[in-house]
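Residues 1 to 106 in this note's numbering are what the sequence shown spells out, letter by letter.
For the record, the hints were derived by calculation from the structure and aren't laboratory data. Ideal Cβ positions, reconstructed from N, Cα and C, are used throughout, including at glycine. Any given hint could turn out to be false.
[Claimed, not checked] Using 30 Å as the maximum straight-line C-alpha spacing, the simulated DSS-like pairs for lysine-lysine come out as follows: (1) K41 x K97; (2) K55 x K41; (3) K65 x K41; (4) K28 x K41; (5) K97 x K55; (6) K65 x K55.
[To be verified] Label-pair restraints from in silico Cβ distances: (7) K97 x I57: 54 to 62 Å; (8) L11 x D37: 58 to 66 Å; (9) V6 x L68: 12 to 20 Å; (10) G12 x I57: 40 to 48 Å; (11) R87 x G61: 34 to 42 Å; (12) A21 x E49: 21 to 29 Å.
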Amino acid sequence: MADYEVAAHMLGECERRVVEAEICLQAKIDALQMEYDLLAKEVPKKEKEEVRLEKIIVEAGARFKAILVGINMLQRRNEEFLVDSQRYMDEVEPNLKSAITVVEVL
1 MADYEVAAHM LGECERRVVE AEICLQAKID ALQMEYDLLA KEVPKKEKEE
51 VRLEKIIVEA GARFKAILVG INMLQRRNEE FLVDSQRYMD EVEPNLKSAI
101 TVVEVL
């Protein structure tokens with residue numbers, strides 16, 4: 001039963017981390033969308049202002065790409081964690097079945 005409890009805890013931890021990552025990613029996406037919306041409202045009428053805005057947009061795009069890289073890294077880590085958790089669950093399952101059989105026999 002201890003293996004089952006550990007496996008259940010690992011699965012719960014994995015689910016919690018996935019939810020945290022999703023919340024974090026959504027917050028970053030929302031922040032970028034708000035920044036983009038603000039920049040889009042500042043579309044200037046003068047050519048000089050247009051050049052400045054283009055520079056700001058390029059910089060925001062570079063920050064967005066950097067955040068996407070971070071998001072991809074987070075997703076890879078979560079996928080690796082899920083694979084490791086599944087591997088652990090696969091290792092624990094035979095022991096669980098044996099324990100259940102022993103309990104049923106008793």
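Evaluation of the provided hints:
1. K41 x K97: Cα-Cα ~62 Å, so violated.
2. K55 x K41: The hint holds at about 15 Å.
3. K65 x K41: It holds: about 22 Å lies between the C-alpha atoms, which stays within 30 Å.
4. K28 x K41: Status holds; Cα separation ~20 Å.
5. K97 x K55: 62 Å, violated
6. K65 x K55: 15 Å, holds
7. K97 x I57: 54 to 62 Å: Check passed, 58 Å falls within 54 to 62 Å.
8. L11 x D37: 58 to 66 Å: Cβ of L11 to Cβ of D37: about 39 Å, so the range 58 to 66 Å is violated.
9. V6 x L68: 12 to 20 Å: Between V6 and L68, where Cβ atoms are some 35 Å apart, the hint is violated.
10. G12 x I57: 40 to 48 Å: 42 Å, holds
11. R87 x G61: 34 to 42 Å: For G61 against R87, whose Cβ atoms are near 39 Å apart, the range 34 to 42 Å holds.
12. A21 x E49: 21 to 29 Å: 39 Å, violated
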